[in-house]
Amino acid sequence: MEFNDGYPSYETMALHDEEHGKHVRKVIWKVFWIMLGVTLLELFVGFKAEDLHLGKTFLKIFFIGLTIVKAAYIVMSFMHLGDEVKALKWTLLGPFIVLILYLVFMVDLGEGNYAKSRRYVMDKNVTNAQHHEAGAAHEGSEAHH
Amino acid sequence: MSSHAATTQVKSHWGGGGVSPLGASYGKLYMWFFLVSDAFTFSGLLTAYGFMRHKYTDFWPNPGHVFHHFPFYDGSIPLAYVGLMTFILIMSSVTMVLAVEAGHRKQNKEVAKWMLLTIIGGLMFVGSQAWEWYNFITGTAEGAVRNILVDGVWQDQLIHGANLQYNEYGLPVFGDFFFFITGFHGFHVFSGVVINFIIYLNVINGTYEKRGHYEMVEKVGLYWHFVDLVWVFVFTFFYLL
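Quick note, the sequences are listed as chains A and B, same order. So that you can map any letter, position 24 of the first sequence is 532 in this note's numbering, and since no number is skipped, the others follow by simple counting. So that you can map any letter, position 238 of the second sequence is 243 in this note's numbering, and since no number is skipped, the others follow by simple counting.
One chain only, chain B, in its complex shape:
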């Protein structure tokens, strides 16, 4: 009887009742659908950015001129630091997928090791982003004279760096998009670190060892890779193009 039931369940991906559709567990499906909706949110943000960028092509700041700082180095190396940040995030994606692989072999200690490295990578990335924001907000020592609104009157003033109202490097809307989109992504990374940490605690407590599978690691892995995926796009549209 049971073998008959097994063959019918394998064939039907849309089976009802206790079997989840599409040949994946409910947990993974829900994570996937959440990520699709989240991807559309980011698409919306980046599409707005794209429209503005086309509209003000001639006024757009050159990212290479804005983001050229490197820690412990006074000179200017365009894009080097953001390249390093991208490397850190790709690396933490690799450690995450290695944690998932170790989970498939039920190697508890190995899963814990790779999860911990993923968390460290995530923290390094959030820290790097804070540093990048700090430089953008502080700006250059020389600054630039901009016509800004002070107490309801437009007047020329020497300003340094950028915030949501003015931007030393060019159009204020560039700063608005930068703060909002990298901020929204940074918050995703931060959430990811927190979720990864909770799962890490479960791993070292042996929760998944008892359960017999490490699917929770796989699910948070999906979220973590998504964060990396969004960064790949943010990196291209903000820094390269």
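So here's chain A without its partners, still in its complex pose:
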């Protein structure tokens, strides 16, 4: 069906001139440097985590927090979701807010705590084969239990 109301099509609405392009490119490179900086910081902390004696909870919040920062830059800037209408933003991101809440309560606070409290009992239940494989790692971890 041909639809013609004299209004430009969505496909051509994003077109811009040289002047605006300069500004857009500047933002792209700025986002690139932020992403690179965040990745290097993550690698540095990941590299030094054992030496610095950083706690597991701290590392979890630190790494997942920075991951969400990077994800936000990709989605909002590179995928231009920041320029879309509010209704589209909520349509696409809304389901993930529910998912993140589920993951925080279920995987981390739920199963994570459950596994911690049940660890001793569970270790006994690990099958013969798995127990054998985990032998070396297990000895190391029992030292600080």
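Since the hints were made in silico from the structure, they are not lab data. Predicted model only: the values in this text are computed from it and were never measured. Even for Gly, the Cβ is constructed at its ideal location relative to N, Cα and C.
Which residues of chain A face chain B? A partial, calculated answer using Cβ under 8 Å: (1) Glu519; (2) Ala522; (3) Leu544; (4) Thr547; (5) Met587; (6) Val615.
Label pairs and their computed distance ranges (CB to CB): (7) B:Asn140 / A:Lys564: 22 to 28 Å; (8) A:Val593 / B:Phe75: 44 to 50 Å; (9) B:Asn210 / A:Asp559: 53 to 59 Å; (10) A:Lys556 / B:Ala53: 27 to 33 Å; (11) B:Gly211 / A:Trp598: 36 to 42 Å.
Within a straight-line C-alpha distance of at most 25 Å, the following computed PhoX-like cross-link-like pairs (lysine-lysine) qualify: (12) B:Lys118 / A:Lys534; (13) A:Lys530 / B:Lys114; (14) B:Lys224 / A:Lys594; (15) B:Lys224 / A:Lys538; (16) B:Lys114 / A:Lys538; (17) B:Lys114 / B:Lys215; (18) B:Lys111 / A:Lys530; (19) A:Lys597 / A:Lys538; (20) A:Lys538 / B:Lys118; (21) A:Lys534 / B:Lys224; (22) A:Lys568 / B:Lys60; (23) B:Lys224 / A:Lys597.
For chain A, the structure is supplied; the task is to place chain B on it using the hints.
Okay, now just chain B, sitting in the frame of chain A:
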């Protein structure tokens, strides 16, 4: 008459008929909805990984001890290579978004240049992943003794590296998740390279120049950035945590 129609169409994002909803073209909307569903697939995979990881915290291999190889270097640098891979993928995301920007200015040659660089970045990433898999499958020269199932009998055997049944570095399930999730992501990257290449051919053939807009570049760009987005999460959960 036409100016009246224009004002009503701008205001209504949910307009029916020829106007697509939410102020975006149908093509872009469908790509977005596909990416949402694909993101849920990856969420499912990583959630399963998270549950197992919590369950076997004490037995989980330390990724820094597993992935410490670097090409043309015999020593061990934990996480350096995967850091480089992440850099390659972020860089190819930047070249992709620069291709989209050049498309908005209708600079055909510039779009072609950035698309080509994106494809090269994608190929470099897939190659790096193959190398990473190779090292994980081959394992160390010393290997480790593991109790594995041979012809229906559990027995101690010296093994090297990992596959879907055993893992020199720790729990086999770590290897299973690693192969499946990075494999699934790698296949996405590979598909992305193929799709980018098709669009690149269209660009150099002048298809979009004739059409008057480069929205196809924008659509494959959405997919390509999504691949980068998934890697950001895979990188965190597999290598950092």
